[in-house]
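> One-letter residues, chain by chain:
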Amino acid sequence: MDVSTSAVALPPRRRQDKVRFQVSSVGWLLPAIALLAVLFIVPVVYAIFLAFTNLQLLGPHAQSFQFTGTANLSRMFGDSVFWHSLFLTAIFVVASGIVAQTVFGFALALLMQRALPPLRLGIGAIVILAWVLPEISAAFIWYAAGQAGGAISLLTRSPNTNYLSTSAMLIVCIANAWRNTAFSMLVFSAGLRNVPEEVNEAAQLEGAGYWRRLFSVTIPIMRPTIFTNLLLITLATLSDFTLIFAMTQGGPGNDTAILPVYSYIEAFQFNELGYGTAIALALIVLGGLFSLLYVRHLRPELNK
Amino acid sequence: MSASTEQAPLTPPIAVKPPSPSPNRYKRLTAGTVSANGLLIVLGAAFLVPLLWLVFASFDKTATASLRLPNLSLIHYKHELTGTNLKPFWNSFYIAAVSTIVTTVVALFAGYALSRRHIPFKRTFMLVVLFMSGLPVTILLVPTYQLFVRFNWLDSKFYTSLFIAATSLPFAIWLIKNFIDQVPIELEEAAQIDGAGNFTTMTRVVVPLALPGIIATSMITFIGAWGAFVIPLVLDSNPADTPGSIAIYQFLTANGQVNFGDLAAYSILFAIPVIAIYLLVSRKLSGAFTFAGGIKT
Chain A
1 MDVSTSAVAL PPRRRQDKVR FQVSSVGWLL PAIALLAVLF IVPVVYAIFL AFTNLQLLGP
61 HAQSFQFTGT ANLSRMFGDS VFWHSLFLTA IFVVASGIVA QTVFGFALAL LMQRALPPLR
121 LGIGAIVILA WVLPEISAAF IWYAAGQAGG AISLLTRSPN TNYLSTSAML IVCIANAWRN
181 TAFSMLVFSA GLRNVPEEVN EAAQLEGAGY WRRLFSVTIP IMRPTIFTNL LLITLATLSD
241 FTLIFAMTQG GPGNDTAILP VYSYIEAFQF NELGYGTAIA LALIVLGGLF SLLYVRHLRP
301 ELNK
Chain B
1001 MSASTEQAPL TPPIAVKPPS PSPNRYKRLT AGTVSANGLL IVLGAAFLVP LLWLVFASFD
1061 KTATASLRLP NLSLIHYKHE LTGTNLKPFW NSFYIAAVST IVTTVVALFA GYALSRRHIP
1121 FKRTFMLVVL FMSGLPVTIL LVPTYQLFVR FNWLDSKFYT SLFIAATSLP FAIWLIKNFI
1181 DQVPIELEEA AQIDGAGNFT TMTRVVVPLA LPGIIATSMI TFIGAWGAFV IPLVLDSNPA
1241 DTPGSIAIYQ FLTANGQVNF GDLAAYSILF AIPVIAIYLL VSRKLSGAFT FAGGIKT
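Protein sequences, first through last, are from chains A and B. All the letters of the first sequence, read from the start, carry residue numbers 1 to 304 under the working numbering. All the letters of the second sequence, read from the start, carry residue numbers 1001 to 1297 under the working numbering.
Read the hints as simulated data drawn from the structure, not as lab findings. It is possible that part of the hints are untrue.
Claimed, not checked - Reference listing, derived: stretches of chain B covered by chain A, where coverage requires no fewer than 3 residues with Cβ under 8 Å from a Cβ of chain A: (1) 1039-1052; (2) 1063-1075; (3) 1100-1111; (4) 1138-1148; (5) 1220-1230.
For each residue, glycine too, the CB sits at the ideal point set by N, CA and C.
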C-alpha cells in the first residue's frame, strides 16, 4: 500500500498501512466457499473414494457398495478397451489438440498480420464463429459432413462412404480442431502483437529472412505464450465430451471412446459407477502429468 | 527503410515499417503478401464450408447431408418455431439464467474480498480455484449423481442449474478478481472516508466501475451454461426439463432418418443467443485473453 497518499501522520511504531485480516472477509467469501465445498470439493474427494469401490447404478452393489482396494485398478490394467481408450485420448490430444490447433492457430495469426483488412475481418469472423457456436451445433454439422454424401465424402469423391463408420476418429479430430482453432488464433494474435518490432528489425538488418526471423526471433520470444496455450489446449481437449459423444456416442465399437466418453459409458450405460469413476481419475492423473510437463518448461520464464 | 529490405534478396521483402494501427491501410502488394492472402483464403474456405452447409440446409426444403444450393424454403424454421419445439429453449434459458445469476453474485463477493482484503493463504486459494477451473467435469459426474440421489435433487432443473453454477464459479472468480484489481482503490478509500460501509462501497463504487468486467463474466457463464450438455444429461432426465442441447442430441440419435433441414434450423436458432452475446462482449473478452496469455508476467 502506498503510505504517501494518506494525509494523516502515522505513529512510528504501529504500522497502519499494513492490510490486516478482517473477520468480515469470511462473510464475503462464504457463499463461494459453501457452493464450491458442497458441489465441487466434496464431489472430488468423494470421487477419489468411489474410484476404489464397486458402486453400481443398478444391481447388487447399488446400495451396499464397498471399498475394494485396487480391484478397479487391476481391472483397468487388464481392460483392453481402457488401453485403447488411452491410446485414442493420446491421438485426440496430440493430433487434434496440440498439433492441429497450434499449427493452424499460429498460421492463421501470422497470415492475418499480412492479410488485406477485409480478408482479415471476414476470415477472423468465420473462424471465431466456428468456436462460438454451441458445441452440440458443431457436433451436428460434422455429423452431417461425415455422412455418406456429406461434405467430406464429396471432397474425397466417394459419395457412398460414411466416414463416421469407416474413419470416425479422423472426423472427430477434424471437428474438434475446426471448432477450437480460434482460441489459439486469438492467443497467438495477441502474442504476436507483443513481440517488439525492434528485435525483428534488428534481425532483418543482419540479413535474416522471413522464415529465419520467424523461427529464431518470433517463436523464441513467444515461447511462454506457446506453452501456456499448449497447456490450456491440452486440458480442454482432454476433458472434451459433448462433441464426440453427440457425434458417435464413442462408436463405432469403441473407436472414438476417449477417456471422458469411456468413463461415462462405463458409469451410466454399463452401470459401473465405481469403475467409471476410476477411469475419470486416470484422466485427472493424465492431465496432471501433462500440466507438470508444461510447468517445467515454463519454469525458466516464471522465475525471471 | 527500403535499403534494409534489399539486403535480403532471397526472401520476399516485407514492409519494415511497423504495421500501422489503422486497419484501413493496405499493405504493399508483394509475392509474400499475395501468397499469404491466397493461403488465408484457402484456410478460411475450410472453416467456412461447414458453416455454409448449416445455413444452406436450414433453408433447403429437401435438405440432405450434401452441400448444395438450397431449394429455398422457410419450412424448417416454421417447424421449429411452432409447437413444443421451443420448450427446450426455455429450459436452456432457465438453466443458463439461474446459474449465471448465482455464479455472478457469488463470484462478485468472493472476487471483491480476494482483490481488496488481506486473506491468509490467498495465493493458495487462488491456485486451488485455478486448478478447479481446469478440472474435467467428468470426475464430478458420479459423486454428484450420488449426492443428488441422497438429497433427492435428481430431475430438478434448479439443482442442476446450481451444480452448473458451481462448476463455472472457479473461472468466474478468477475473471472478476482480475477485473476488480483493475479498478483504482483510491475511489473506495474516498467513499469509506465519507462514511460508506463495506456493502455501500461495493454496490455504489466497485460494481459500477467493474461493471463491464462483471457483465463479460456473466455472459461467459451464460454461454457455457446455455450449451451445457453432460450435466443435464446425467442429473435431469425429466423430459419436461430437456434443454436445447439434449433436444438436438435426441433428434440426432433418434431411430430413423435424421431430418437435416429441421435440425439445421434448430441448431441455428439454438446458436443465435450465444452468437448475439458473443458480439456484445467480444470487446470485453480481450481482457480474458490477456489473462489467458498473462501467465508469462
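> For every hint, state whether the structure bears it out.
Each hint, compared with the structure:
1. 1039-1052: This one holds; 11 residues, not fewer than the three required, reach chain A with a Cβ under 8 Å.
2. 1063-1075: holds (count 4)
3. 1100-1111: holds (count 6)
4. 1138-1148: Holds: 10 residues of the region 1138-1148 of chain B have a Cβ under 8 Å from chain A.
5. 1220-1230: holds (count 5)
Hint violations for this structure: none, all hints satisfied.
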